[in-house]
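Asker: Sequence:
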Amino acid sequence: MLKRIVALILLSVVVISCGSRKSTGKIATKNAEAVSVIKKHYTAETQFKTASGKLRAVYQNDERTQSVNLSFRMEKDKAIWMSASILGFPVAKAYITPTSVSYYEKVTQTYFDGDFRLVSDFLGTPLDFQKLQNLLIGQAIYDLREEEYNFTQSPRGFQFVNDNGEIMKKMFLLNPSNLKAEAQQLLQGLDNRGLTVTYSDYQEIDGLVFPENIKIIANEGGSSTNIDLTYRNISFNEEVSFPFDIPSGYEEISLK
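Whatever position you read off the sequence shown (first residue = 1), add 208 for our numbering.
Source of the hints: derived by calculation from the structure; they are not laboratory data. Values in this document were obtained by computation on a predicted structure and should not be read as measured data. C-beta: ideal position from N, C-alpha, C; glycine also. Be careful, since some hints might not be right.
The following label-pair restraints were derived from C-beta to C-beta distances [to be verified]: (1) R272 with N421: 17 to 25 Å; (2) K314 with E447: 23 to 31 Å; (3) R272 with P298: 19 to 27 Å.
The task is simple: from the sequences and hints, build the whole structure.
Answerer: As structure tokens, then:
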């Protein structure tokens with residue numbers, strides 16, 4: 209189960225990583241009001257060193273629906289760790305850093321231990337830890353400062369759209385009250401695939417704003433895979449550890 213969740217999140221990053229480029233340090237959008245909103249979005253980014261808590265995940269595809277409770281830990285910009293347990297006993301773990309992707313499952317006694325380069329080569333497109341982190345904390349997946357966007361304002365919020373024809377269409381909707389992501393959508397017309405991420409609730413803990421519920425929908429061809437993530441009992445800036453040791457005798461999953 210954890211493998212499916214990790215796989216969907218990584219495949220989501222495959223979609224969102226296509227066409228990314230390095231920031232120039234300037235805001236490309238010319239609209240003055242849009243520039244102001246973009247600056248406020250990054251000023252409103254939740255600043256923390258560590259986050260930890262529980263994560264309820266419901267996974268659904270065309271064939272099945274499954275749910276699992278996870279322990280979740282993050283050291284911002286450095287590591288994301290998840291552990292799935294049944295009756296208090298760990299059955300799977302995942303550990304992701306800017307340079308590595310690792311997980312193992314006790315039921316199948318299998319593991320993967322590689323880096324983003326290996327996963328990127330296998331999938332044929334680059335992966336990016338920063339974009340994955342942005343998705344999980346309610347920031348715009350792409351850096352809104354890097355490209356020019358069409359900007360509109362409505363009662364739903366502030367909307368930014370960049371439509372690069374069949375290559376990639378990007379849409380970001382920011383919540384008007386907290387300037388966090390309300391919805392994000394990325395569509396690739398040529399490949400007939402897309403990603404939709406919505407944030408139905410945010411929670412405020414010790415003055416810090418963090419998502420409460422995230423819905424991820426990944427479409428490719430005629431199939432759809434969904435993950436509903438609900439954060440619980442989140443705490444910030446406490447000492448955390450990331451215990452991760454692949455048990456001996458497990459079979460390595462090869463991406464070659």
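Asker: Holds or violated: the 19 to 27 Å window for the beta-carbon distance between R272 and P298?
Answerer: Check passed, 23 Å falls within 19 to 27 Å.
Asker: Do the beta carbons of K314 and E447 sit within 23 to 31 Å of each other?
Answerer: holds, 27 Å
Asker: Could you tell me whether the CB distance from R272 to N421 stays inside 17 to 25 Å?
Answerer: The hinted range 17 to 25 Å holds for R272 and N421, with Cβ atoms some 21 Å apart.
In summary, this structure violates none of the numbered hints.
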